[in-house]
Amino acid sequence: MAFGVTTEQTNGIAKISLSGELDASSAADFRTAVEQVATEKPRRLVLMMDKLTFMASAGLRILVFAKQKMGREVDIFIVGAHDAVLETIEMTGFHHSVILLDDYDAAQIES
Amino acid sequence: MESLTLPATLESLKAIREYVGLASSTAGLSKDRSYGLALAVDEIATNIITHGYQEAGLAGDIVMQADISDGTVEITIKDNGMAFNPLTHIEPDDLETPLDERSVGGLGIFLAQKNVDELRYGYVDGQNINIFVIRPK
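Each protein sequence line maps, in turn, to chains A and B. Going left to right, the first sequence walks through residues 1 to 111 as our numbering numbers them. Going left to right, the second sequence walks through residues 1 to 137 as our numbering numbers them.
Be a bit skeptical, because a hint or two may be false.
[As the list claims (entries may be wrong)] When the alpha-carbon atoms are kept at most 25 Å apart in a straight line, the in silico DSS-like pairs for lysine-lysine are as follows: (1) B:K137 / B:K114; (2) B:K31 / A:K51; (3) A:K51 / B:K14; (4) A:K69 / A:K15.
[Said to hold, decoys possible] Computed spacing ranges between beta-carbons, pair by pair: (5) A:E40 / B:E55: 51 to 57 Å; (6) B:E11 / A:D103: 31 to 37 Å; (7) A:S111 / B:D117: 43 to 49 Å; (8) B:L95 / A:Y104: 25 to 31 Å; (9) A:H82 / B:T26: 21 to 27 Å; (10) B:V133 / A:G20: 36 to 42 Å; (11) A:A106 / B:A83: 50 to 56 Å; (12) A:R43 / B:P98: 14 to 20 Å; (13) B:D94 / A:D103: 27 to 33 Å; (14) B:T9 / A:G4: 42 to 48 Å; (15) A:K41 / B:A15: 35 to 41 Å; (16) A:K41 / B:S69: 55 to 61 Å.
I should point out that these hints are in silico values taken from the structure, not numbers from a laboratory. All figures in this text were calculated on a predicted structure; none of them were measured in a lab. Ideal placement from N, C-alpha and C gives every residue a C-beta, glycine not left out.
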């Protein structure tokens, strides 16, 4: 499945929805989306990954870019990541720096 | 399986994963192992394309070959880019470091090594040869 990325922003919450396969050929589109939402200085970044079927390290590099671009006080939520993608996130220690959720939890994310 | 020759560009990554996926399903690998193999091959292929060819100002092909016997899957990638041995690559030592302080090099090779049973490398007659092995559990 081709990679897809959409963005939306409401009340300081930036949401980026990813779908399909995120590899080195599609990571630039993800990076562009991060740059775009960063200009609004959101207080939270939510990455919807429930439709993401593949993520290579090129995707992890954009997570690092997002954290460095937005600052450490901006929490990054990863919602609905598939088991295989989660395993990559955990294997590389990225789970220490993001908040992993099974479903979009408005109470936690928007508080 | 028949070999597959692709141009060494990032647009070939999808076809590379599909070829690996076909080998995995032919061999009856589990979903997990199949994903891990595709990830490992994708990461090394990405390195070959970006560092071995593009950054070196070279153009060329990648040749894929899958061999399946007794439930063992071997994927071989051959390329004529710059010589690069992923096995001499040092494992990142900052996996516990917060993302805002992290360097991002080496994650791909780390993931490749972790997701297959064996990764072999050779450089023969000006060709890089990377071999990925998944054995039956």
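Status of each hint after checking the structure:
1. B:K137 / B:K114: holds, 16 Å
2. B:K31 / A:K51: holds, 17 Å
3. A:K51 / B:K14: holds, 17 Å
4. A:K69 / A:K15: Status holds; Cα separation ~16 Å.
5. A:E40 / B:E55: 51 to 57 Å: violated, 34 Å
6. B:E11 / A:D103: 31 to 37 Å: holds, 34 Å
7. A:S111 / B:D117: 43 to 49 Å: holds, 45 Å
8. B:L95 / A:Y104: 25 to 31 Å: Hint holds: Cβ distance 28 Å, inside 25 to 31 Å.
9. A:H82 / B:T26: 21 to 27 Å: holds, 23 Å
10. B:V133 / A:G20: 36 to 42 Å: violated, 28 Å
11. A:A106 / B:A83: 50 to 56 Å: Since the Cβ atoms of A:A106 and B:A83 sit about 53 Å apart, the hinted range of 50 to 56 Å holds.
12. A:R43 / B:P98: 14 to 20 Å: holds, 18 Å
13. B:D94 / A:D103: 27 to 33 Å: holds, 31 Å
14. B:T9 / A:G4: 42 to 48 Å: violated, 21 Å
15. A:K41 / B:A15: 35 to 41 Å: Once the Cβ atoms are compared, 40 Å apart, the range 35 to 41 Å for B:A15 and A:K41 holds.
16. A:K41 / B:S69: 55 to 61 Å: holds, 57 Å
Going through the hint list in order, the structure does not satisfy hints 5, 10, 14.
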